[in-house]
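> Below are the chains, spelled out letter by letter.
Protein chains: 2
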Amino acid sequence: MPYQYVVIVGVGRLGSILANQLSRLGSSVVVVDRDEAAFDNLSTEFSGFRITGDAAELSVLRRAKLDKADCVLVTTQHDNVNLMVTQVAKTVFHVPRVMARVVDPSREVVYHEFGIETICPAGLAVNAFLQALQGGPEAEPS
Amino acid sequence: MPYQYVVIVGVGRLGSILANQLSRLGSSVVVVDRDEAAFDNLSTEFSGFRITGDAAELSVLRRAKLDKADCVLVTTQHDNVNLMVTQVAKTVFHVPRVMARVVDPSREVVYHEFGIETICPAGLAVNAFLQALQGGPEAEPS
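Residue numbers (the numbering used here), protein chains in the order written: chain S, 1 to 142; chain C, 1001 to 1142.
Bear in mind the hints are in silico, worked out from the structure with no lab data behind them. Each residue gets a CB set at the ideal place from its N, CA and C atoms; glycine is no exception. Some hints here could point you the wrong way.
[To be verified] From the structure, some residues in chain C lie toward chain S, with a derived Cβ separation under 10 Å: (1) Tyr-1005; (2) Leu-1014; (3) Ile-1017; (4) Ala-1037; (5) Gly-1053; (6) Phe-1093; (7) Val-1103; (8) Asp-1104; (9) Gly-1123; (10) Val-1126; (11) Ala-1132; (12) Gln-1134.
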C-alpha cells in the first residue's frame, strides 16, 4: 500500500472495513466519527487512533493530524459532509490523495466539479445488477 | 434485457434506479415497498405498478404477482428481509431469477448458503477504494 498515514472519516460499514484492511496492509490509520459507537464496527485487531468528533470542525481534523496524512478517505452517509471534508482536506491541509464515497449517485457530478475523486457504492451496485441480468440466466455458482 | 416481468422489492436509492433503468430497457417492472414515500425516488417516467406493503407477507407478494415474474430483485436495507423474500420468491413462487442486495458484507455467506445470487454495494465499494489506492497517485481526471 503506497500510503503511510491514512485518515478515514466516517466509520460505518464501509469506513470500518477500509480501516481494517488498510491497517492490515501496513498503513497507519486514524479513524474519525462523531458517534463513538461507530468504532464498534472496527475489528479487534485494529490498532489505530480513534477520534470522536464532528469532522466538519477544523479542530477535529487537526486532532486527526490531516496535515501529516498522505491520504484521506471520507465515507460518511451524508454527501454534504463528504463534500465539505474532502474540500477542506485538499485546500486547507493539502492532503495529496483525497477520495470520497458518494451516497446519492445524482450528486456525483458535484464532487467532480470540485475535482474530488469518488467511489459510489449505489452506482457500482446498479451496474453489477444490470450486467448480471444482461448476461442472461445465472451461471451455476462455483 | 432478457427479463419481461421484473419485481423489485425495496425502492430506496438502489431499487429506484434499477426500476427506472429496467423500465427504460423495456421490462415490465413492479415495485414493492412498505413505505409509500419511497416511490418518490422513482423517475416521473416510471410507469410500472407500485405496491405498498410489507414484502414479508405472502399476500403482498401475491399482489405483486410473483408467480408471473421471471426476475425478482430484493434491495431493502435489511438483510433479514432480503434473505426471507428471496427464499420465498425461489421456493414458493419459483421465480427463475432471484437476486439480493447484501447490506452487511459479513452476511453474504448466509445468502450463498441458501443459493441466492448477491450483489454487495459495500463490498464493491471497498474493492474499488483499495484498487484505486493500490494503483498509486490519482490519474488526471479525464
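> All hints are to be evaluated individually against the structure, with a verdict given for each.
The hints, checked one at a time:
1. Restraint check, C/Tyr-1005 versus chain S: the minimum CB separation of about 13 Å is more than 10 Å; hint violated.
2. Restraint check, C/Leu-1014 versus chain S: the minimum CB separation of about 5 Å is within 10 Å; hint holds.
3. Look at C/Ile-1017: its Cβ gets to within about 5 Å of chain S, closer than 10 Å, so that hint holds up.
4. The interface hint given for C/Ala-1037 is violated, since its Cβ lies 16 Å from the closest Cβ of chain S, which is over the 10 Å cut-off.
5. Taking 10 Å as the C-beta cut-off, the interface hint given for C/Gly-1053 is violated, the closest approach to chain S being about 23 Å.
6. The interface hint given for C/Phe-1093 is broken, as the beta carbon of that residue sits about 16 Å from the closest beta carbon of chain S, more than 10 Å.
7. Because the beta carbon of C/Val-1103 sits about 8 Å from the nearest beta carbon in chain S, less than 10 Å, this interface hint is met.
8. The restraint placing C/Asp-1104 at the interface with chain S holds, with a minimum CB-CB distance near 6 Å, inside the 10 Å limit.
9. With a cut of 10 Å, the hint placing C/Gly-1123 at the interface with chain S holds, because the nearest CB-to-CB distance is about 8 Å.
10. Taking 10 Å as the C-beta contact cut-off toward chain S, the hint placing C/Val-1126 at the interface holds, the least distance being around 5 Å.
11. The restraint placing C/Ala-1132 at the interface with chain S holds, with a minimum CB-CB distance near 7 Å, inside the 10 Å limit.
12. Interface restraint check: C/Gln-1134 against chain S, minimum CB-CB distance 7 Å, threshold 10 Å, status holds.
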